[in-house]
Amino acid sequence: MRTLRTSITLTLALAVAAAPALAGNVSLTDPKGDDNGPGSYLYPTDAAYKKGSFDLTDVEVKDKGAELEITIGVNASIEDPWESAKWPTPGNGFSLQMFQIYVDLDGKAGSGEQQALPGMNATFADDARWEKVLVVSPQANKEISSRLEQKAKGLKDKVVLPSKVTAKGKKVTALVKKADLLGATAPEKAGWQILLSSNEGYDKEPNNGVLARIVNEFEGQHRFGGGDDGDSDPNFLDCLAGKAKGGDDEKAAQAAMLKFDAKAKKRPVLSMVRL
Amino acid sequence: MTRGPAAAAALLAAAALALPALAQETPETPEPAGDRETAPAPDPAEPAVSDALRAEIDRIVDEKLSARMSELGGAASGGGATAEAPPPVSFTLKGDFFTKVLLRNNTSGGCVSYGNPAPEGDNFAGDNGICSELGLTITGRVSDRVEAGAHIQSRFGAEWADWYENGDERDGADGSGESLGQNHAAYLQLRGVYLRIAPPIPTVRSVHVGATDLGMWNPWTIGKARYTERDNARAALLDGSFGAPFSYTLGVIALPKLYGGPGYTTGIADPLIDNPFWQRDFAWAAKLKHENDWFGLEHVTSAVLDEEADLDDPDAVGSTNAIDPRDGAVVTNLRYVNTNHTLELESNAIDWLGLSALVGYSYSRTDDALVFNSVSGAQGFTPAPMGEHHGYAAVARVELFDPADIDLDLQLEYFNIGTDWVAVMGSRREADVLLTDGFVDGQVPTLNVANEFQDFTEAFYEPVVGWHGTTAVVSWRPGALELSGEGTFLEYNTDTGAGSLDTDKTYPDFLSTDGMTDTDLFTFANTNDRGRDPRSVYHEHQNRRTIITVAKGAYTLDVLKTVVLRAKSKLIYDTDQRDQSIEEADNYAGLLFFEKASVEAPITDEFSAALGYGFDAWFEEHRSGEVIAGAADYPSYVTLKHKVFTDLRYAFGGANLWLHVEYLNKDLDATDNRLDQRGLGVLRAIGTVSASF
Chain A
1 MRTLRTSITL TLALAVAAAP ALAGNVSLTD PKGDDNGPGS YLYPTDAAYK
51 KGSFDLTDVE VKDKGAELEI TIGVNASIED PWESAKWPTP GNGFSLQMFQ
101 IYVDLDGKAG SGEQQALPGM NATFADDARW EKVLVVSPQA NKEISSRLEQ
151 KAKGLKDKVV LPSKVTAKGK KVTALVKKAD LLGATAPEKA GWQILLSSNE
201 GYDKEPNNGV LARIVNEFEG QHRFGGGDDG DSDPNFLDCL AGKAKGGDDE
251 KAAQAAMLKF DAKAKKRPVL SMVRL
Chain B
1 MTRGPAAAAA LLAAAALALP ALAQETPETP EPAGDRETAP APDPAEPAVS
51 DALRAEIDRI VDEKLSARMS ELGGAASGGG ATAEAPPPVS FTLKGDFFTK
101 VLLRNNTSGG CVSYGNPAPE GDNFAGDNGI CSELGLTITG RVSDRVEAGA
151 HIQSRFGAEW ADWYENGDER DGADGSGESL GQNHAAYLQL RGVYLRIAPP
201 IPTVRSVHVG ATDLGMWNPW TIGKARYTER DNARAALLDG SFGAPFSYTL
251 GVIALPKLYG GPGYTTGIAD PLIDNPFWQR DFAWAAKLKH ENDWFGLEHV
301 TSAVLDEEAD LDDPDAVGST NAIDPRDGAV VTNLRYVNTN HTLELESNAI
351 DWLGLSALVG YSYSRTDDAL VFNSVSGAQG FTPAPMGEHH GYAAVARVEL
401 FDPADIDLDL QLEYFNIGTD WVAVMGSRRE ADVLLTDGFV DGQVPTLNVA
451 NEFQDFTEAF YEPVVGWHGT TAVVSWRPGA LELSGEGTFL EYNTDTGAGS
501 LDTDKTYPDF LSTDGMTDTD LFTFANTNDR GRDPRSVYHE HQNRRTIITV
551 AKGAYTLDVL KTVVLRAKSK LIYDTDQRDQ SIEEADNYAG LLFFEKASVE
601 APITDEFSAA LGYGFDAWFE EHRSGEVIAG AADYPSYVTL KHKVFTDLRY
651 AFGGANLWLH VEYLNKDLDA TDNRLDQRGL GVLRAIGTVS ASF
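Protein sequences appear in the order of chains A and B.
Under this note's numbering, the letters of the first sequence match residues 1 to 275, in that order.
Under this note's numbering, the letters of the second sequence match residues 1 to 693, in that order.
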């Protein structure tokens, strides 16, 4: 009897301990100081691009029933130097960053999209192809939809836009319908990749893609440097690498993953993080 | 056991050796493994290698052969080594189409609600008109280290109804196509021409010559140019780094003759100067920055120097000095000098804690022989006080971002900007340097505020010169709900106590000094019901305290494509005892309520609609008036405003459309009935269509 009671107690304790995992929350961490893409990227020279603004630190996915609350952290205060509230189509309270959150729902090699959204200049490995991508941007959803219609019409049904985006402190939080992003897949069963780029409302360069700021060989007032003037270099500064535990080894893993070859027109190949 | 691999090595060596022979030896040919002379000969009694190994050797040989042939092919075609090929020179041309519609129930014609307030004015501001403009952006990559570009923009102001206007101007508008002048001819103007170089010079990251938006400094020294002027500033800039933690920016910027000095001029419009010399007026600036994982420290120094010819020099045009000999050189004197120095510290090392602090010093001096006194002679309209002034500014902010993990943030700010803080080239708008909601939309650290050339829907800005106080903001954002509350206590360094401030000759008061500014119906001409000019920070007598409270909320409903509900309530309690020698009769007390609520919903992915209502109620005791023969006559005002508005937005295929329509009813009831503005009804709209290509 005592053994049975002990077993029940232990089972309950384990159940309680396991509850967060069962609730479907996902926490991913990225090391600080790796906001240099493949290791060479430099920020633009304008004062708005403050140190750490594009340094991804953590991502937390909270299962809120029908919705997911996804909070993304960077290593600087989220600021709004271009006053997004006063844009022709008012924005979401920040100006600089743009996040693309790719999810691999089936985990099957060769299944899903291989190319990242236009402008990111990256492909996904065969075993990391994605089914959905959530775009978290300072831009209003209709601006993003409009650009997708122009530049990524074939992928439009794979792009999910949040119902609400807020910025505070060093975090940007997006609310999104769980069914839209993950379908029936539990968050912890999906593969995750987050690309941290810079929002560019004036995205008329051929390789801007969807509202993304480009990286050139040399930095400018509003362009990143350390890349290439073609479209082989990834137009994002930071992403998840390795196991997304935040270890220093992930800096090297990211640099290796984001290596590109402009001469051979070879873009970086991205992996997914799986729990 | 060793024979196989050894043989394979020999074969590999032979293959590798053969390749250079085929391809003519090159330095990068790999040396074969082992020594050629001593490599063992293959044993003819057994196969030298297995089939699998042979296949692998064949594959390696093929790869090397293919690579080598490819290299030779490139050389033969004149391409040389591709790694050394220069990147292609590129030339891109982009365009922007923009059209604006303004409508109002009056007969004022024009394309911008608030135009140029200067006496010279403009002939395209008004409330009814349709205007189009074209922007062309040219970018040329000269090489991987050199870029040149330009922005060509058609001049705004040509209305659709101005068919055929060719740019000629007559005394008045007539029925011809040549009477309204260039502003109505949509001529193309060279705006943003620049050259940018990344030279291989130690520490130098870039050299920029030409147009810039001045975004590299800060609002307290040289502010980023307003959006409409983003291509107008011209500068030479040097940007560099002494390694990752230390960087610098140096610049020399041409002063704008339109507003860059006392009297909104750098001499050219100054009545005291017969032969103005403005072409060599510059602002000089330097920024030093240190950033590490714990904090960032930035120092910016700027100096505005406006020089004019010394008329005592016999070489100067207009000189009356007929005694001294000429030497062919003209000595100059500084008409105006304004220096600003800021030191800014910022730390975000702890995730839940944000710290920032800025201290600044300013120096401003007008040469009274070269600067017309606009304080006394131009109704107090000048962005710099007369004489010599030493000013200070300090702002410190602490932000706690959800430290208790309950979605609750707290922000605290202390600010203290001295009476004599002057930054004539500081941010004129499109920056907001304080946490508070303030009286109007944004706060900037200069008297040189730009609330002109804008439409009735655009933000108004006010200077924070003389402001001293604290702000606390609490925000709670659990999921779809956002709530925030602000409390600000404000007193003024410009207070005079029992004394007075010299607003006759030294400190500009901008003529309209009293009452809450009505940004809904702001006109430069109407000094009765629009309230004070936002720039009016100096008063002859002032003893003022202000409390500002703001409550805001938003909720995103998960219905249809989401519906967003927003509400804002602001209360300002503003008191000013003014002249302490006058009992009560001139004491201002304003109880100002601003209420607004709206609902917005996307109808489709591309189209959204919003509907809102605003209500303002201002109870202003002894709002404005004057003291005549020791008797104060300050009538009280009650102002009620109702506004109903809708915003429709459509974005599709790169085109953006926006339509804002509002009906505004204003009722002003003053204790002096002659000042009443009863039942004012304004129906107006603004629409824009834009696309880039």
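These are computed hints drawn from the structure, not numbers from a lab.
A portion of the hints provided could be inaccurate.
Here are the simulated lysine-lysine pairs, DSSO-like style, with alpha carbons at most 27 Å apart [what the hints assert, rightly or not]: (1) Lys666(B) to Lys151(A); (2) Lys570(B) to Lys505(B); (3) Lys86(A) to Lys552(B); (4) Lys204(A) to Lys189(A); (5) Lys50(A) to Lys568(B); (6) Lys86(A) to Lys505(B); (7) Lys171(A) to Lys568(B); (8) Lys86(A) to Lys50(A); (9) Lys204(A) to Lys108(A); (10) Lys570(B) to Lys643(B); (11) Lys641(B) to Lys86(A); (12) Lys552(B) to Lys177(A); (13) Lys171(A) to Lys94(B); (14) Lys32(A) to Lys259(A); (15) Lys86(A) to Lys568(B); (16) Lys171(A) to Lys153(A).
The following label-pair restraints were derived from C-beta to C-beta distances [stated by the list, open to error]: (17) Leu481(B) to Gly183(A): 37 to 45 Å; (18) Lys108(A) to Phe693(B): 37 to 45 Å; (19) Tyr361(B) to Lys243(A): 31 to 39 Å.
For glycine and all other residues, C-beta sits at the position ideal for the given N, C-alpha and C.
Check: Which of the listed hints are not met by the structure?
Finding: 1, 2, 4, 5, 6, 9, 13, 16, 17 and 19
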